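Asks: Each chain, written out:
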Amino acid sequence: MIYIIRKVASGLITMLVIITITFILMHAIPGGPFDSERALPESIINNLNVRYNLDAPLWEQYSNYVQSVLKGDLGPSIKHETKTVNSIIKEGFPVSFLLGSIVLLAALLCGVMFGILSALNKNKWFDYGALMFSTIGISVPSFVLAALLIYYFSLKLGWFPAALWDGWTSMVLPVISLAWLPAAVITRLMRSSMLEIMSKDYIKAARARGIPTKALVIRHALPNAVLPVITYLGPTAAWILTGSFVIEKIFAIPGLGQWFVLSISSRDYTVILGLTIFYSFILIGINILIDIVYTFLDPRIKLMGTGKGE
Amino acid sequence: MANRSAGIPIICLFLVVLVIAGCNTQEIGEIEEQVLTFNLSSEPESIDPGRASGQPDLTLVNAVMEGLTRYNLQSEIEPAMAEDWEISEDGRLYTFYIRDDVQWSNGDPVTAYDFEYAWKRVLEPEYASSYAYQLYSIKNAAAYNDPENTEVNSSDMVGVEALNETVLEVVLEAPASHFLSLTAFPTFFPVHKGTAEADPDWFTSPETYVNNGPFKISGWEEHQRFICEKNDSYWDKDNVNLQRLVFTLVSEESTALAMYETDDLDMVYNIPAQELDRLKADPNSGLVIGSDLAVAKYIFNITEPPLDDVKVRKALAKSIHRNELVEHVTKAGEKPAYAYVPYGLPDINPQDDFRKAGGDYFKENIEKARELLKSAGFPEGEGFPELELLINDSQDNIRLAQAVQEMWKQNLGINIKVRPIEWRVYLGKMFDMEHDIAAAGWGADYNDPMTFLEFYASWSGNNTSGYSSDEYDEKINLAAASNDPEVRVSAMHKAESDLMEHMPMIPVYFYTQPYLVKEQVTDLLVTSFGPQAEFKWAYIEK
Amino acid sequence: MTPALNLWVQERVNKTQMSNLGRMWLRFRRNRAALLSLVFIIMLMFLALAGPHLNHWTYSDQVLKNANEPPGNGYWFGTDSLGRDLFTRVWHGTRISLLIGLFTGLCSVTIGAVYGSISGFVGGLTDEIMMKIVEILYAIPFLFYVILLMLLLDPGVNTIVLSLAVVSWLGTARIVRGQVLKIKEEEYILAARILGAGKGRIIMRHLIPNTMGPLIVMVTVTIPDAIFAEAFLSFLGLGVSFPVASLGYLVNEGIQGIRSYPWQLLYPAVLLSLIILAFNLIADGLRDAFDPKTNS
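Protein chains in written order, with the numbering used here: chain A, 1 to 310; chain B, 311 to 852; chain C, 853 to 1148.
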């Protein structure tokens, strides 16, 4: 319990530091939200700055911002009249989260399955097939994959829509493009840790006792072999759940990812800050969660007190 | 025990989330016949007419709202909310008569008061509209919009007044021949006074959005689409044929193209140049090369050597093979530019073309260019400093700049460094005149050569070349102040001639607007400024 | 992208143990895939140097009339959209990508190694603060910062290397610190201390040589990551190292014409994939070589 509280407290400090760094960096970049190719009369720029309180000294903007963040208000979008940062997150995150969840699930299922089967069939055709699969995943950038998928499955075959977010058919292509890399990594992680564990004495002993392979794998090998996968999932999950902006842009998915890049290129200060905070929040949260899961899974780490770890 | 089950809750959590989220995905209803799907590319920043500024904003607002006037299918101004108008002798007093059968989507009549309210609202300093300057031709508008100007501190002094429900009187600072086309621009659209006063956020959801145009917003899928239905309370609804108009927000060009080819879109803009050859070869692709009112140019910074020497500038201008560029690089049927003002703008007789009347001002001539460079002190490009060509980092800009860079290298023996930078950094550098050469485009704001020529007046904030000439300013002033087409147009021709003589920038080509539109889409007007397209009269042919 | 691969990297490096470099090389040689990859990369480096000079085109020579020519007709890989020889450009791009990868790898590992060993060696409060900083940086949205950095600095290879290095040294720092903590307690270090060796000498003589193994693996792993990340930045219009083009940029250009001119995507994409794959296999091989346990 104390462990968790300490983690959370240090997470909060981290957030404050992140807000500060982002705030400084963001204002150091040339260009402001109201720049346009048409030179605007000075009075109009002034009016806009007054409206969004950008005429105040930076430290004042900063302290105002931190105060409003503490109240849970991330402020209005400077560029998008109809939106606040809260509303952007509220609209975009569920979409990114849904996409990310499917991607993670797909990657986890494929990866763990392929990994185990590869390990059990070491140096047989299945192993080589899985190697091919993971090779492509690791070496082909997802935006290339996405372009090829759209070309074949939307244009040539007409099986799936090329873009937008309308029901499950529109999810297939983006999920494949995003899930391939993590699935490939998990396959390889799983394969090597399975091989390691299957050669351990206690497994060998169990096998000698005549326990069938299936039960052996599920009951004894898997829980231990999956540890490195869990470690890997942490940052990957945070990254995928908050949206991969390249894939969201290509498939015109209305998630948070698109806003990341859009807000930077339009110098939408409040959105930049708000999304950074949100992202870090998720990242820190997931890390804490992973730590906890890890302690459950690995009896050797006993930060959670006694008892459950066998 | 714990060992076995720990992974399962995570998976269950995901499954639950999947199920919950899966329920939320919206399905579009059954496709009716008169439906048009148009890609708006990016999310509109505001659909409050007073603050609408980007092209997506203008396109959407123009479809659901209406001003005093509107462009018709022949690209001429025709009466819209105003049934008729009078213009005084000196061209400064406009009296508009609003139709008496026009109403807002909430049933209230559209009145002259709504216009007065809307225009003054745009000019309020606290409202801070970035397009407020569109209204600056109205008397005292600029002064009222500037809070530092204390002489004009009340909206009553602004030259717009509703005399009664149907009569709107507008006084201008100076005669402006294009004022009637301005009133067709979204910043001049009315807003429903009662709604806007009661709820400052009225434009943020389809339920509270009160409009008066041919369509009304019925659905709003965040960051994905806007769905509009025909507006049955629109005064001219008999001429509106589309039942539904869907705007999608797909920003990736190649994805939008794929959607068009799978029949998910009826019309797309911004076609990647690399796809144009294939589309041109296919007679069924639906490719149209629309005309545009815009010029691609390279702006010099003429305050620093060696570009302060007009001979150097002319040498650079004469050594670009414009025909090769438009044929092999841009590929969309652009016209090479040997003058500044594009084709398609009116001359003295509005039927004539300003560009055709003006003709070309210079020619490509490599020999001559080398001579010029030599006489400027750089024989064979020797000793020529490495200048920087600043460009915005879009893919097609980068290709074009590389082609020109290589032409200058081959033809003049000089090295230019091409520097692509992010859009806003680029803008900052250009406006601070930190460029040597900057690639830029300029499109018309209204249907008059002045929209291009005033760019190089010494007082113009857009003039980032350092060019400043009393003679040129005089001609611009003359054209701006006069109400007589002959005086105006001939002054503008002379101004353009001045400009080409001094060459503070070199014109490269005149843009076109290539777009794809399905064969069955009829009477869809593609516009050259403001909104991307006019949907009022469009219909789907069976 | 990088965060996705990062942890995998750590996992691999964690298994690495200090070991005799010579013995390691013997073991590495036995791994055929890794050895083959190493030969492949060396061959690529050679081609990246020589390739652009194998025909009479330079990477910027353009003949607009010959734009988008398919392979053949004097252009071995065809031409790009401005009529430039794709063969020359692809090899030149390989050179740029390898440079970005190598420099980013070296920079990030150097920073990480120095930071990690100081933190681990000095220990105490310094260690705690230094590791807290790493933890904070870990929670920062990576690509977000790269983009901000790229906007702040002038574009070019240097900027890309710097931006990528700035965000990718964290893993190394943690691992090196862990190694140092372990080594610090070894008997021979204690012996050296007792004999009065200075801190600098201990770091130089004992700590750094003994962490070499993991560091080499770390470099090998950072290289493909950097190349990969640069390709993504290219896609966002930020990775451009203009006027020359990296493989990532060429791939991105190729995607534009995927429908009409597939070879413009094919060559750079295949090459990019092979490079990334090869570095990954080498890293695997090195890891196995350092770790006698998995060497079955």
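There's no promise every hint is true.
Said to hold, decoys possible - In silico PhoX-like cross-links for lysine-lysine, where the CA-CA straight-line distance does not exceed 20 Å:
id : chain 1 : residue 1 : chain 2 : residue 2
1  : B       : K719      : C       : K917
2  : B       : K666      : B       : K804
3  : B       : K621      : B       : K666
4  : B       : K621      : B       : K673
5  : B       : K590      : C       : K917
6  : B       : K804      : B       : K828
7  : B       : K621      : B       : K684
8  : C       : K1051     : B       : K645
9  : C       : K1034     : C       : K1051
10 : A       : K7        : C       : K984
11 : A       : K214      : A       : K200
Read the hints as simulated data drawn from the structure, not as lab findings.
Predicted model, so just to flag it, every value in this text is computed and none were measured.
Asks: All hints are to be evaluated individually against the structure, with a verdict given for each.
Replies: Cross-check of the supplied hints:
1. B:K719 - C:K917: 17 Å, holds
2. B:K666 - B:K804: Given pair K666 (chain B), K804 (chain B) holds - Cα atoms ~14 Å apart, limit 20 Å.
3. B:K621 - B:K666: 26 Å, violated
4. B:K621 - B:K673: 14 Å, holds
5. B:K590 - C:K917: 17 Å, holds
6. B:K804 - B:K828: 43 Å, violated
7. B:K621 - B:K684: Distance of about 9 Å is within 20 Å: holds.
8. C:K1051 - B:K645: 72 Å, violated
9. C:K1034 - C:K1051: 16 Å, holds
10. A:K7 - C:K984: Holds: K7 (chain A) and K984 (chain C) sit about 12 Å apart, inside 20 Å.
11. A:K214 - A:K200: Since the Cα atoms of K214 (chain A) and K200 (chain A) sit roughly 17 Å apart, the hinted pair holds (cutoff 20 Å).
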